[in-house]
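S.K.: Chains A and B, in that order, are what the protein sequence lines are.
Note that the first sequence ends on residue 292 in numbering that gives the first Met the number 0; no numbers are left out.
Note that the second sequence ends on residue 292 in numbering that gives the first Met the number 0; no numbers are left out.
The set of hints was computed from the structure by calculation and includes no laboratory data.
Keep in mind that this is a model prediction, so the values were computed, not measured.
Just so you know, even glycine gets a beta-carbon here, dropped at the ideal spot from N, CA and C.
Please note that a few of the clues may not be correct.
A few chain A residues facing chain B, derived, Cβ under 8 Å [stated by the list, open to error]:
#: 1; residue: Asp95
#: 2; residue: Arg96
#: 3; residue: Pro112
#: 4; residue: Arg117
#: 5; residue: Leu147
#: 6; residue: Ala148
#: 7; residue: Asp149
#: 8; residue: Pro150
Number of protein chains: 2
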Amino acid sequence: MSEPDRPAAPPAGNEPAVRIRLDLAYDGTEFSGWAAQPGLRTVEGELRRGLGTILRTEPPRLVVGGRTDAGVHARGSVVHTDVDAAAWESLPGRSDRAPAQAALSRLAGVLPPDIVVRRATVVSTDFDARFSALRRRYSYRLCDRPALADPLRRRDTVIVPRPLDCEAMNTAADMLCGLHDFAAFCRPREGATTIRTLEGFSWQRPTEGVLEGTVVADAFCHSMVRALVGAVVAIGQGRQEPGWAAAVLAARRRDPAVMVMPAHGLCLEEIIYPPTHELGARATQARAVRELP
Amino acid sequence: MSEPDRPAAPPAGNEPAVRIRLDLAYDGTEFSGWAAQPGLRTVEGELRRGLGTILRTEPPRLVVGGRTDAGVHARGSVVHTDVDAAAWESLPGRSDRAPAQAALSRLAGVLPPDIVVRRATVVSTDFDARFSALRRRYSYRLCDRPALADPLRRRDTVIVPRPLDCEAMNTAADMLCGLHDFAAFCRPREGATTIRTLEGFSWQRPTEGVLEGTVVADAFCHSMVRALVGAVVAIGQGRQEPGWAAAVLAARRRDPAVMVMPAHGLCLEEIIYPPTHELGARATQARAVRELP
Chain A
0 MSEPDRPAAP
10 PAGNEPAVRI
20 RLDLAYDGTE
30 FSGWAAQPGL
40 RTVEGELRRG
50 LGTILRTEPP
60 RLVVGGRTDA
70 GVHARGSVVH
80 TDVDAAAWES
90 LPGRSDRAPA
100 QAALSRLAGV
110 LPPDIVVRRA
120 TVVSTDFDAR
130 FSALRRRYSY
140 RLCDRPALAD
150 PLRRRDTVIV
160 PRPLDCEAMN
170 TAADMLCGLH
180 DFAAFCRPRE
190 GATTIRTLEG
200 FSWQRPTEGV
210 LEGTVVADAF
220 CHSMVRALVG
230 AVVAIGQGRQ
240 EPGWAAAVLA
250 ARRRDPAVMV
260 MPAHGLCLEE
270 IIYPPTHELG
280 ARATQARAVR
290 ELP
Chain B
0 MSEPDRPAAP
10 PAGNEPAVRI
20 RLDLAYDGTE
30 FSGWAAQPGL
40 RTVEGELRRG
50 LGTILRTEPP
60 RLVVGGRTDA
70 GVHARGSVVH
80 TDVDAAAWES
90 LPGRSDRAPA
100 QAALSRLAGV
110 LPPDIVVRRA
120 TVVSTDFDAR
130 FSALRRRYSY
140 RLCDRPALAD
150 PLRRRDTVIV
160 PRPLDCEAMN
170 TAADMLCGLH
180 DFAAFCRPRE
190 GATTIRTLEG
200 FSWQRPTEGV
210 LEGTVVADAF
220 CHSMVRALVG
230 AVVAIGQGRQ
240 EPGWAAAVLA
250 ARRRDPAVMV
260 MPAHGLCLEE
270 IIYPPTHELG
280 ARATQARAVR
290 ELP
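Isolated chain A, as found in the complex (with noise of 0.2 Å):
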């Protein structure tokens, strides 16, 4: 879910490259999160492993949109890669369909069934997967009827014991959008800012006893969304004031009142970003540091 500071991954070696856009969903239960580690089943460790399987290459390195934590979700995740332009070239074989088209199916073959690719794209190097993106959006799913709680979505719907309230939940989210210092909100970072704009934050019931939030911002902190759900929760089963998450943002430290919720309940939905011919100038904006004006 945070966006540390490391550089996008150069071209590959001295091979002509072609950067590929992939567009991602994954079910996060079993996965030790996005971020490859050794020994550890991760999402970006099984994409790696399936585009070097079918590129016949040693496995890309990956630059994306929204990192995820152990246990998160994605509908809409995009990476992009640099990949060895003739191995690319060489993908569909002897069939007549575009190397997109190729990769896309191979892929399907060769990765678990828990992460799906949706689509593949060549892009310019001007596209880049976390530095060109505008903003990011994310959905929490909770069951406040434990009674009627579907096994079916237990891998992705947290239960919360009581009826909560949906209006002063909505209240309090609002109260938080715009451009804000979401210290918070963050677990700290050295060096690195907590301003954010968030730009939508609000709870709809598309069913009963089932709340889902929406939560839109440029970019996250590490832990901002369930940290924010887990402000609003509280003023939604009336143990806080719906003026309390304000406050706690307004404070600009951790407020140990404010409960991290559980990953299995969050959902990176979509990564947005801009039309072609801004993607230049976009990237070279999100790499400034933001500032409170």
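Please build the complex by placing chain B on the supplied structure of chain A, with the hints as guidance.
M.R.: Same frame as chain A, but now just chain B:
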């Protein structure tokens, strides 16, 4: 899914008994179906064991309104069971809760996470979970755009490789409705009728790439829903004309061209019962053998 002709469970021994209705949901993925079988993990087996644990009695016998095969899910299954009245009354311990409330929260504590008992109700012995039922409603979930498959729904969604024609499927499904001999879509069983009233069968697209079927009948014989879905999917794929399913029905014998669809797309959504004062009459009627007029 079938309802074999076994008798309703008798009241427990000579002790005074109370009849309990339980409404339940389960993720069928890791069960060998509903019906208890030695050495296999089944919904009935787990639920009986859970009831025995909270009541501190032998696991009581259960009568279910809709038996499901291995891998089939439920959101609205219903069982009845006759339990020892003294054990039931002592459930709340020293609390001031009703036994049904206490049963619900204790069951939540002892059942595995893939079974949720949603409601526990004391009912009259006129209520029979199987024979009082007026109709059953099942859903079947398909994804016909594999690249859009949601890995979080892979346990309850069957992927078909090419786009389906929803309109043609609805035309075909509609032609199957009514009182018919469904022998063409049933696994034959000695001495059992295959005459049923298919009250509704329709398809809709809740989101891009997803098709959800709804099937309602007074009762279903074994594998009937999955065979009905297989017949209309062949039409949706353009492999058969829309009139083909009705022709298969009229032939009244199993057609090997009808594919019995995979279990995991199927979910028992609801069992519908008459108002309390009509329960006795309904059970008598349901026990009678159906005949075509």
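S.K.: For which of the previously enumerated hints does the structure constitute a violation, in increasing order of number?
M.R.: Violated hints (numbers, rising): 1 and 2; every other hint is consistent with the structure.
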